[in-house]
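Colleague: The residues making up each chain are set out below.
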Amino acid sequence: MFGMEFYVDPSRCIGCQSCLKACEECETHRGVSMINFDFVDRADSIATAAYVCWHCDNPTCAQVCPADAIKKYEDGIVGSSLKPRCIACSNCVLACPFGIPKLVPEYEQMMKCDMCYDRTSVGKRPMCATVCPSQALSYVTPETIAATRREKPVNTFWFGEQKITTKVFMMAPAATDAISIDVADYIWEGEHELAPQAF
Amino acid sequence: MSWLRRPSEAPLWQDEFSVFTADERYVNRRQFTKFLTLTSFAMLAGNLWILARSIFYRAPKYAPLAVAALGEVPVGAVKLFAYPSPRDPCILVRPADDTYIAYSQKCTHLSCAVYYARAQNRLECPCHQGYFSITDGSVLQGPPQRPLPRVALETRDGKLFAVGMEGERT
Amino acid sequence: MAKTPLPVAELTSRYGPHLNYTPPGGWQDESRNAAEKLVKTHCCFCGQQCGIQLKVRENRVIGFEPWEDFPFNRGMLCPKGVKRYLQGNHPDRLLSPLLRTEHGFQPSTWDEALDFTARRLREIQDKYGKDAVAVYGGASLTTEKAYLMGKFARVGLGTRHIDYNGRLCMVSAGVAYKGVFGVDRSPNPWSDIAKAEVVMVIGGNIGECAPITTDYIWRARDHGARLIVADPRFTPIARNADLYLPVRPGTDLAMLMAMLHVIIRDGLADREFIAAHTTGFETTAASVAEWTPERAAEISGVAPEAIERAAHWIAESRRSMLMHARGLEHQSKGVENCEAVAAIALATGNIGREGAGCVMITGQGNGQGGREHGQKCDQLPGQRSLSDPAAREYVAGVWGIAPDELPAPGYSAVEIMNAIHRGEIKGLLSICFNPLVSLPDANFTREALERLEFFGVIDFFLSETAMHADVVLAGSLQEEEEGVTANVEARVIHIQKAVEPPANARRDSEIICDLARRLGRERYFPFREPREIFDELRLASRGGIADYYGITYERIDREKGVFWPCPSSDHPGTPRLFENGKFFHADGKARFMKLEWRDGGDPVDAEFPVYLTTGRVVSQYLSGTQTRRIGALVDQYPEPKLEIHPRLAAQFGIQTGDRVTITTRRASITLPAMVVRTIRPDTVFIPYHWPGGRSANLLTHRTLDPRSKIPEFKVSACRVARESA
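So the sequence lines, in the order shown, correspond to chains A, B and C. Going by my numbering, 180 is the number at position 89 of the first sequence; the sequence numbering is gapless. Going by my numbering, 93 is the number at position 33 of the second sequence; the sequence numbering is gapless. Going by my numbering, 427 is the number at position 440 of the third sequence; the sequence numbering is gapless.
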């Protein structure tokens, strides 16, 4: 919709947390930030990473929700839980392979990033990607990414046997096709298909 | 019911409760209420139209039909004819020398053909003994609830013409 | 007498800092009612001066919206910019002037407060002489107000002592660039960074202190550029460094001289450029003749091969961009350090072209504009020298006074505090400055403040320094007064007024002009609106180095900023300086300087064997008067922590979370430890945004660079120990 997609490049993140501050300034979930931000291992490194919801093509959170409270809209955005339906059971919190949904006890509701739907549905850019000073979070057209970045946008992930394709792209080394975090995927086992990676 | 679904590997509950709004077949309260309200309005509009129609109703005009020549039918005898269309049987009765009267022959009860009972000077229906007055077709006895529709007659050039159905509202 | 009228704890509980978390009316308010208008303006914090739109309703700022069309930051903001609007409608906001009594501060009327201020200043000057009062200005003021403070001190009060908090910021780079290039300004627009092939960042924690610059550097790397980072700490910008130089605090000069040595030794100097456009190269070459990489490695801790590689990368590229910030400049050799960086740029011909140059990263919001138009102890508008007879004559003419009515140069900021301490200066009027937190050796500063006979402060919150005042004049936030600032690249930009000052607070410029009237100097301060001040400023700067004459508010709005010098209305402005090798000295040439090593002012020894360096965190700004009052920013990093390497921590049995006492020759403080590998094992780090018992500046020392008078914040000697239970 409107031709722009969301790209995440954790290697560019400088840990300023501007995304968290801007997220809670949005029009819908005022005062609550939906960004997942981590100091990866502060004792050993200044590396940080900020993630938004990946808006999976077949969202695990929605599939496991017993109250049918999570919907994926026609433009591909997976919404936060619907207030009248969510029963705060945390099924989605446990099921999401990326660990995105959070249970907010005061509201007895799961809340997660909805890519600033009030903004993206009318062609504006989400808050986090607009303010990010390092553009670790970026919301631009695929042509811009192809023209300006050396990394390749990838939206296929393997979690063990589960293949997840997402609307949000992760920037990975060029020639990467899918992101696999299981070492077994890289082992040569005769006919077993190797996870492709850049050699 | 399974033959109504599109072929799918997913279990029924997944199709029924789809997470993709594009595939959802459910309506929500707002949609349902809108539907009820719109249907209700449609019915109201329909009824108002019917009311208007009946207020502004004009009786249909039928072409006159020559039934019989004066004097053709003896006193106390009848002549059968069809008016206004071939599927509307009617009966012409000459109860007295200078009295001609005609009615639809279809009994208003269950449409049996009525006959003229000369001795009693009335129209009778053989099916359930429904009797009609010869003077105005009103029900004298029996199950019919409505009077027999009367054919309006006019004399023109010595002939009796049926020119309309009386009792149809103008 | 400027002891605080009540104990600090009591004043803090009354006047804050208290944390503001929610917009006016709460989080739900705005969801129901939209903003009345969006005001396109700029951030009130650092020198990047990011464009931002403020949402205004009913004279209150209720939120923000990114301003994607402003070319410098294109909608990007750091967390401080996102949350800055929460300074407005703050419970701690000073809504009327305050006068000191024995029972604390009492609200007063403007007449009372200003008459009192004027009277006391007059009394002190009558009794002790004109120079017995000093004025402190600041580099977060708009350029109009910075100009006004300079004029007020010299023409309103007739004192020679006017200086500003930028003395703690840009002066090392300023003196160096003035001497080398003839002008104190970043020579390249920021867009040149993305076009460089080699970027070196030395003493600059860009990810935390200038976050928006990160994108420029990442884009340079997207085009294949290589990044060199020199810092005692491994800061976020270094995560993508191709070469990291872990330079020991205070030893950058050794490393830089060795790089020059390598450039000369290996025949990498651009001899043609040097001959055509510079003078004095032999002086620098002689200075670095003995500075081999091995010698520099011993002093700085940077491997000789790394020094060689850095020198080669920079010299072998025709597009090298050298960037530096306070890490390099907050040293007693701050000026030399910057001269060395400039020398590398000149020696390799990397200056005055797209993607090639050296830049200082100005720290404060108007650090650039605030150091151009007379707010400095030796400066006149237009970046002119107060000692230059021609400059004095011109500016005096603009101001309508005789040239000899202009005072001689006076003391710089730290020197003013020293003079207060020894009783030479008796009265102080201060705006946009919180010296109790930002000057080194805070105990000394407190003693000095307590010796003042009169202390007046203009501020919008009661800062820790203002607690010592006799009168506090309730001033304006940045969004409450129109003006211009100049950002890091000397792009002059327009600060729009979004709301009126609340209750009985007044615009800063009104306060100063009113005070000048009560001092009988009305005819020199007739300004009713900032625009009038700006028009006089344009005239006063005309023909000077920082020539603003061709700049108007309307041009700024149309062109999204105008780079000075801009001598006339049809001049397009000057984004890049020194093109075609034309420098600002009379002979048009740049100068190489003599570089000489000397030891720092607080050397490590057996008793104080560890280096202490201070700095910042991304969620706080300067002395924290504003950002320590914003809840979300305080939550991000609530209290200062001591960064310490595991090797050093192991010597004292320190683990993360343990309380550690850090002692220098001045004082001791105790802070929780943060044991991390991302710092040199011989160095510890404390962010300085907090006051009182958590103030890093209790520990720092008052050694100044002899030429710039900047304190040596970045190098102190300390020892650490676990707090005795």
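The reader is advised that the hints may include incorrect statements.
What the hints assert, rightly or not - Going by beta-carbon spacing under 10 Å, a handful of chain A positions derived as facing chain B:
hint, residue
1, Asn149
2, Glu165
3, Asp273
4, Ala275
Calculated from the structure, these hints are not laboratory results. Glycine is no exception: its CB is placed at the ideal position from the N, C-alpha and C atoms.
Colleague: Going back to the hint list, which numbers does this structure go against?
Modeller: 3 and 4
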